[in-house]
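2 protein chains.
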Amino acid sequence: MQEFTVYFSPQDRSVKVAKGTDLLSAAIKCGIVLTAACGGEGLCGKCRIVIKKGKARVEASRLVSEADRKRGVALACQSLVEGDLEIEIPKESLGMHEKPPGESEEFTKGVISEREKSFAFSPLVRKIYLELTKPTADDGTSDLDRIYAELGSRIDHVHISTKLSNIKHLDELMRESGYDVTVILGHKDDSLEILSIETGDTSKMCFGFAFDIGTTTVAGQLIDLSAGKILGTRIAFNKQAAFGSDIITRIVYAETPEGLAKLNGAVTANIDEMIEDLASSCGINLSDIYGMTFAGNMTMMHLLLNIDPSSIRRAPYVPATTAFPVMPAPELKLEINPKGVVSFLPGVASYIGGDIVAGVLACGLEEAKDLTLLADIGTNGEVVLGNREWMMGTAASAGPAFEGSGLGHGMKAVKGAIEKAVIDERFDVKTQTIGDAKPKGICGSGYIDILCQLLKRNIIGKDGKINREIKSDRIRKAASCYEFVIASKDQTAIGKEIVIDEDDIENLKRAKGAVYSAIISLLNKVERKPSDLKKVYIAGGFGNYLNIENAVYIGLLPDIDRSVYEFIGNSSLAGARMALISQAAMGKANDIYRKIMYLDLGSEPNYMDEYIASLFFPHTDLRRFPSVRLSR
Amino acid sequence: MQEFTVYFSPQDRSVKVAKGTDLLSAAIKCGIVLTAACGGEGLCGKCRIVIKKGKARVEASRLVSEADRKRGVALACQSLVEGDLEIEIPKESLGMHEKPPGESEEFTKGVISEREKSFAFSPLVRKIYLELTKPTADDGTSDLDRIYAELGSRIDHVHISTKLSNIKHLDELMRESGYDVTVILGHKDDSLEILSIETGDTSKMCFGFAFDIGTTTVAGQLIDLSAGKILGTRIAFNKQAAFGSDIITRIVYAETPEGLAKLNGAVTANIDEMIEDLASSCGINLSDIYGMTFAGNMTMMHLLLNIDPSSIRRAPYVPATTAFPVMPAPELKLEINPKGVVSFLPGVASYIGGDIVAGVLACGLEEAKDLTLLADIGTNGEVVLGNREWMMGTAASAGPAFEGSGLGHGMKAVKGAIEKAVIDERFDVKTQTIGDAKPKGICGSGYIDILCQLLKRNIIGKDGKINREIKSDRIRKAASCYEFVIASKDQTAIGKEIVIDEDDIENLKRAKGAVYSAIISLLNKVERKPSDLKKVYIAGGFGNYLNIENAVYIGLLPDIDRSVYEFIGNSSLAGARMALISQAAMGKANDIYRKIMYLDLGSEPNYMDEYIASLFFPHTDLRRFPSVRLSR
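So the sequence lines, in the order shown, correspond to chains W and V.
Each residue of the first sequence is one higher than the one before, starting from 430 at the first, in this note's numbering.
Each residue of the second sequence is one higher than the one before, starting from 430 at the first, in this note's numbering.
All the given hints hold, so there is nothing to weed out.
Pairs involving identical chains hold if they fit within one copy or between any two copies, as the list cannot separate such chains.
Think about it this way: if two alpha-carbon atoms lie no more than 30 Å apart in a straight line, the pair counts; the simulated DSBU-like pairs of lysine-lysine are:
1) Lys-520 <-> Lys-849
2) Lys-458 <-> Lys-762
3) Lys-954 <-> Lys-563
4) Lys-617 <-> Lys-592
5) Lys-563 <-> Lys-1024
6) Lys-592 <-> Lys-1024
7) Lys-597 <-> Lys-691
8) Lys-1024 <-> Lys-597
9) Lys-1024 <-> Lys-964
10) Lys-762 <-> Lys-592
11) Lys-482 <-> Lys-499
12) Lys-484 <-> Lys-520
13) Lys-867 <-> Lys-844
No lab work stands behind these hints: they were computed from the structure.
Extracted from the complex, chain W is given alone in its bound form (with noise of 0.2 Å):
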């Protein structure tokens, strides 16, 4: 077998592989992840490199320019090691994984903080310091039933055991200790197992982690096990978009050869990064993280657990399981304590996972008198609607563009984004941005707000192209189609222009269509209009704001009393931590995933009507909308 030797710029790194390999795996088998939306289809044209030296067999793409062909552009995935290479990454192809993963502020107001108090402290892992009375010869009580009788009289009465490596060698452990130790108690099921048994007062080191596993965004949050409180929250891109930027994409690359370990490799990567991060910034041994609550949609569960996803695209798209057991940590090769363990927020449905029932158990929506609804706006639009009698929940693909990806200049919620934005009579902008920094790009609720302002500004129309009538520096015709200057060159922080174009416009428009229609879909099943909710929890990785005026005015939202909207930021991270807090908040989420009936979309005869018929901002039907007024 002919090897060659490929060398990455700016990365500074070489790897050595097969004739015929192609660029994107090259790149990957040396830890440089390329946006890949389509999975390597060469479709989506985002792994754009440049071949510096060297003879590649490149396949020819409609996706790169002849001048850009010339000067050595080409898309990794459609070009195949001929020989040693040079090669150059542009900085758009590596756009989602830039490091570090971004910061956020904890989202704990309104509902989740009333919910979240709700449950009484019972967290997934606990530590007990006890101080034990030594055996005599009068005495003889062997040391795990001194240990058990001594949990007994804390803790209300519950089954406790062990595993056998804990007792191996508990007999040198509590002599050395001097009987003075600390015993790390695990949930499981409904009794709780002694995880490990330390020398000395070491209650205090006990620390987890809450997750929530998107498809484009993965959020964790640093958790004090001892206090329940939050220590910090990172997010960052999901890795696993370089093999692909939807569910579906993603499962057919896990039925190819290596394609699922590679995709559980990449989100592993995830967790493990944000785990190291966080720890080593509040100063905490990975050895003291013993718990961990996974969130997620079910094929990101599936791809996590290292399990083969592909019932979930497969008729009768039933999963093996939607609920998974507490495990210990090793089995997810997590870099934290080994006697650690880990549990997962239940799903319904192949299309309603943990996620949706982490939002549920966030916001208390299986407790409400009234009708109440819930959408989950990420990669899949999900909502839920009902109350303390019923609930019904249903899943449209709505893509990434409202967590700022798939989008020109979409980021994450995060520093540097902009989260606000006014357009003025002169089409002047004005934005705010996270952390008041200079902006990098626009995330999902900035982009919410320049939408909404492009309409009420007479920039773009119903249907979402920029009007060609109008004289502005800031409008003009780009390489395939028209675009908006948000911000200059030298307002940003990246070296060039912020624009939104009409392919960013297309995309948005496809995005709050499906939410929209999944959500009056669900409420045509049961036969209910808008106008009875009495509340609307709206989540979503949008960061800490949302203006939900904006987002009925583009008709993403249905055209209700606004007071009955409450947005809840990221329910799923909610949820998990809840579930990782408190046993009583998972043993909630256990019944939950039972209540919910799942709709399936396909199936309802007069969905894609009504998302054909929501394709327009902000809906075809105007007299659906009446608050809002266009002026053309």
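Starting from the known structure of chain W, fit chain V onto it as the hints suggest.
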């Protein structure tokens, strides 16, 4: 490091060892286990070998006569390799380990049988065949929830869980099997765990083993877990005897480098051999064995589980635990189905183990209305006294004599063992052997009969010495003491005479004295007399027979109304079987071990006096044995 080859005959095996290795270790290294009651200290003289050729540095020993020394006889543990060697191993040095392991009839009569019937059938592991409905677009229940739902309808409400490994390929398995699967359920604490899922109906293929791990004897029983039936029983000498015959010697050996691993390896080999032997003789695959339950004394359980047992012999004599969790079979490195599980009868204290709790379980002492006693006559003699209100237990070191070990012609209670004997006025001996075979040796019940007959015929006196004045061919002076011939060379299956000598009698006297004085001390402690006993269960590896009358006559058991006595065989094995077949029985065992108070004979001021007074046949104080009439 200089290495030499040692060749052993008649086994025809060779091994390379470093210069200076002792021959006991060299033999073990190639799988030949010599008798070494003292643990290789050169004290017991049991590991005799003959050096046929080559150079060894032999430590002089008073246990090897000058004549023997000249023809190459040496103690293996006292001979260090100095060059290539050819070694012959006399049969006697292997006596305790001869193959094949003996067979024993099932002992399931009387109270054991009654008790066994009282427990509901709920084996440690059970298989349930399910014909499930297939998922459809309208029934999107996940595969696992489908299984849980069906199990829920078949089994009384109980928490059921499973491990990730059973979910990973469930998807394929369900589809391939057409949703007809057999679920293997294991009990764990109060809940059930799906250990494995198999294609089609394999529900009849579910077997288990009950084991009694004794210091001297290991007994195993193969059970059909689908029907609760005994398929076969085996007993064998514990291979750990090569490292010492009593518990303390073994613990000391376990503290030497590699000592624990060797002891663990020895008993694991015992168990594996028995499993293979029984399974193959019943035509059962090892992979269809899913559950095992062990009873044994505390030291045996530590060694089986590879746990350092040193706390058992060091003040305050408190082990790390007396109860062991249910664990996956691979933790014991046993060659049954790797998804199988193993449970253990809990013990009371360092010297009252799970074997005694099993015995109490088997005879139902913990539910007795009247004062009841259980005496388990093994290498340690353990006694439990009490009723349904209270229980107290104690242990005395009896030695392995009644198990047929440590005596000139002692053997296990298997085919060919003399189990009954009568000596007539002319000193002719009539014997009955197990299986009516030509005698190979004498088991415990045979020795008790012989001792009684020797006393009655005045051949031995109260002190156990052979009457030197009697003229008989059967009585003669041997190397160091007098002996009595039980069977002539032509009557036996071993090509030589079977005799009992004064050393054997001394051994048996100490054993019976230890048991008797333990019984009396326990009664004294609670201010009761032997005649207060309403029921006495005698357990031990005597086979199917024990002559209570004779046991009283020699002073092993108190001289009370014979009708209170019931011989119940190996009650540890019976209890292990009950705990394997019924989790209600195991639950009972978990109550029992907490209820038994431990009495330490070492701290009892009068125990030593009692013991010394009992070192006569039947006792110093003949008023205690009014039914025994000695003529001298």
